[in-house]
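Peer 1: Sequence:
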Amino acid sequence: MSLAKRLLHPHYVANVILAAAYPAFQLITHPELLSTSSIAAHSRYILPAGVVLSIKIRGSQSAEELVSVVALYIKVYSLYGFWTIAQDPATLWDISWSGWWRVILFLFAWLVIFIALPQPPYQGPSKIAWLNASQLEFLTTPSQSKGKERAGSHPELRNRSSTAKIVELNDDGKPLEDDEEEHEEQARADNYQRKDKSESGLDPSHYWIIAFNATWSSPCRYFEAVLARCSLKYEQKNVHFAKIDMDLVPEGDQIAERFKINLSATTLDLPTLILFKDGKALKQLPLKLGTKVGGEVLGKVGWDRSESSVVSAFELDMLGSGKESFAA
Numbered sequence: 001m002s003l004a005k006r007l008l009h010p011h012y013v014a015n016v017i018l019a020a021a022y023p024a025f026q027l028i029t030h031p032e033l034l035s036t037s038s039i040a041a042h043s044r045y046i047l048p049a050g051v052v053l054s055i056k057i058r059g060s061q062s063a064e065e066l067v068s069v070v071a072l073y074i075k076v077y078s079l080y081g082f083w084t085i086a087q088d089p090a091t092l093w094d095i096s097w098s099g100w101w102r103v104i105l106f107l108f109a110w111l112v113i114f115i116a117l118p119q120p121p122y123q124g125p126s127k128i129a130w131l132n133a134s135q136l137e138f139l140t141t142p143s144q145s146k147g148k149e150r151a152g153s154h155p156e157l158r159n160r161s162s163t164a165k166i167v168e169l170n171d172d173g174k175p176l177e178d179d180e181e182e183h184e185e186q187a188r189a190d191n192y193q194r195k196d197k198s199e200s201g202l203d204p205s206h207y208w209i210i211a212f213n214a215t216w217s218s219p220c221r222y223f224e225a226v227l228a229r230c231s232l233k234y235e236q237k238n239v240h241f242a243k244i245d246m247d248l249v250p251e252g253d254q255i256a257e258r259f260k261i262n263l264s265a266t267t268l269d270l271p272t273l274i275l276f277k278d279g280k281a282l283k284q285l286p287l288k289l290g291t292k293v294g295g296e297v298l299g300k301v302g303w304d305r306s307e308s309s310v311v312s313a314f315e316l317d318m319l320g321s322g323k324e325s326f327a328a
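Oh and the sequence shown: position 321 is 321 in this note's numbering, straight run, nothing missing.
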């Protein structure tokens with residue numbers, strides 16, 4: 001989907017219109033604000049606001065993030081503006097209303113847009129694979145332990161590891177020979193493993209950069225465009241990008257606990273990126289400060305969620321070439 005179509009999504013259009021409500025109201029009711037003297041008088045407010053906006057513009061990783069952040073700042077400014085003129089009566093349909101109705105209507109419109117028109121996921125081009133919990137388990141479990149896990153979870157393989165021997169009969173009601181029995185059991189196990197791989201279509205021996213997201217997290221929403229650009233630039237036959245939204249799968253809490261990801265509303269762990277190969281975690285963002293004896297994470301180093309940080313941390317320029325500074 002093109003950038004223009006993405007920005008014409010009702011979420012962005014409605015927020016831009018709401019953000020423009022107070023400036024438009026002031027210009028309509030006080031056109032003298034456009035005069036040179038008025039602009040000069042308000043320059044002490046305009047210049048700092050311009051500096052803050054320029055910093056946000058430079059730090060935005062996508063057009064969607066830029067529109068969302070700028071609209072948010074202007075909405076906060078508009079709310080404050082309507083509050084400052086709340087004592088002035090509002091005239092509508094030749095009826096004088098309390099100025100507080102402007103504040104109430106603005107907050108109501110903001111709430112309606114927030115609930116009815118949530119920010120959409122990134123809809124631009126990408127080569128990111130969406131994972132479910134079983135696929136994530138397949139890619140993040142070391143190969144030597146996969147057989148044990150399958151034997152414990154699949155009834156056909158679990159029977160093979162049981163201490164009690166199960167004797168199978170042939171069509172004539174006679175016990176099968178041991179070698180024939182073992183051959184059939186091994187064939188079933190091999191078939192199950194082939195089915196597992198064919199269904200997933202994933203190869204854990206490749207490099208996998210997996211993003212652990214939550215749909216309610218704004219940083220995750222903004223970061224989707226960054227990860228998409230990385231996938232378009234650095235996807236190779238042995239380097240892949242994937243994501244999983246932990247709040248959309250029933251096993252989300254277990255996944256977060258397994259990879260030590262904090263899912264609280266004030267967390268700085270989202271999004272978390274982890275590089276896997278052969279089921280082993282090689283690197284991750286944000287970086288861990290350290291772990292306690294029980295495996296509890298002491299803390300994590302904040303990062304700017306920029307494309308350059310991802311390229312540098314995971315050595316994307318050489319990943320998959322055999323020249324990486326790390327090894328699985």
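Please note: incorrect hints may appear among the correct ones.
[As the list claims (entries may be wrong)] Below are the PhoX-like pairs computed for lysine-lysine, each with C-alpha atoms no more than 25 angstroms apart in a straight line:
{"no.": "1", "residue 1": "Lys-127", "residue 2": "Lys-323"}
{"no.": "2", "residue 1": "Lys-323", "residue 2": "Lys-260"}
{"no.": "3", "residue 1": "Lys-5", "residue 2": "Lys-323"}
{"no.": "4", "residue 1": "Lys-127", "residue 2": "Lys-233"}
{"no.": "5", "residue 1": "Lys-323", "residue 2": "Lys-283"}
{"no.": "6", "residue 1": "Lys-260", "residue 2": "Lys-233"}
{"no.": "7", "residue 1": "Lys-127", "residue 2": "Lys-237"}
{"no.": "8", "residue 1": "Lys-127", "residue 2": "Lys-5"}
{"no.": "9", "residue 1": "Lys-56", "residue 2": "Lys-283"}
{"no.": "10", "residue 1": "Lys-237", "residue 2": "Lys-283"}
{"no.": "11", "residue 1": "Lys-127", "residue 2": "Lys-280"}
{"no.": "12", "residue 1": "Lys-237", "residue 2": "Lys-323"}
{"no.": "13", "residue 1": "Lys-280", "residue 2": "Lys-323"}
{"no.": "14", "residue 1": "Lys-233", "residue 2": "Lys-323"}
{"no.": "15", "residue 1": "Lys-260", "residue 2": "Lys-283"}
{"no.": "16", "residue 1": "Lys-56", "residue 2": "Lys-5"}
{"no.": "17", "residue 1": "Lys-233", "residue 2": "Lys-283"}
{"no.": "18", "residue 1": "Lys-237", "residue 2": "Lys-280"}
Everything labelled a hint here was simulated from the structure, so no lab data went into it.
Peer 1: Each hint should be assessed against the structure and marked as holding or not.
Peer 2: Hints and how they fare:
1. Lys-127 to Lys-323: Roughly 23 angstroms separates the two Cα atoms, so the pair holds.
2. Lys-323 to Lys-260: Distance ~29 angstroms between Lys-323 and Lys-260 Cα, so the pair is violated.
3. Lys-5 to Lys-323: Distance ~40 angstroms between Lys-5 and Lys-323 Cα, so the pair is violated.
4. Lys-127 to Lys-233: Status holds; Cα separation ~9 angstroms.
5. Lys-323 to Lys-283: Measuring from Cα to Cα gives roughly 15 angstroms; hence the hint holds.
6. Lys-260 to Lys-233: 29 angstroms, violated
7. Lys-127 to Lys-237: 12 angstroms, holds
8. Lys-127 to Lys-5: 20 angstroms, holds
9. Lys-56 to Lys-283: 29 angstroms, violated
10. Lys-237 to Lys-283: 20 angstroms, holds
11. Lys-127 to Lys-280: Given pair Lys-127, Lys-280 holds - Cα atoms ~22 angstroms apart, limit 25 angstroms.
12. Lys-237 to Lys-323: 16 angstroms, holds
13. Lys-280 to Lys-323: Distance ~18 angstroms between Lys-280 and Lys-323 Cα, so the pair holds.
14. Lys-233 to Lys-323: The hint holds at about 18 angstroms.
15. Lys-260 to Lys-283: Status holds; Cα separation ~14 angstroms.
16. Lys-56 to Lys-5: At roughly 23 angstroms apart (the allowed maximum being 25 angstroms), Lys-5 and Lys-56 satisfy the hint.
17. Lys-233 to Lys-283: Roughly 20 angstroms separates the two Cα atoms, so the pair holds.
18. Lys-237 to Lys-280: Given pair Lys-237, Lys-280 holds - Cα atoms ~19 angstroms apart, limit 25 angstroms.
Hint compliance for this structure: hints 2, 3, 6 and 9 are not met, and every other hint is.
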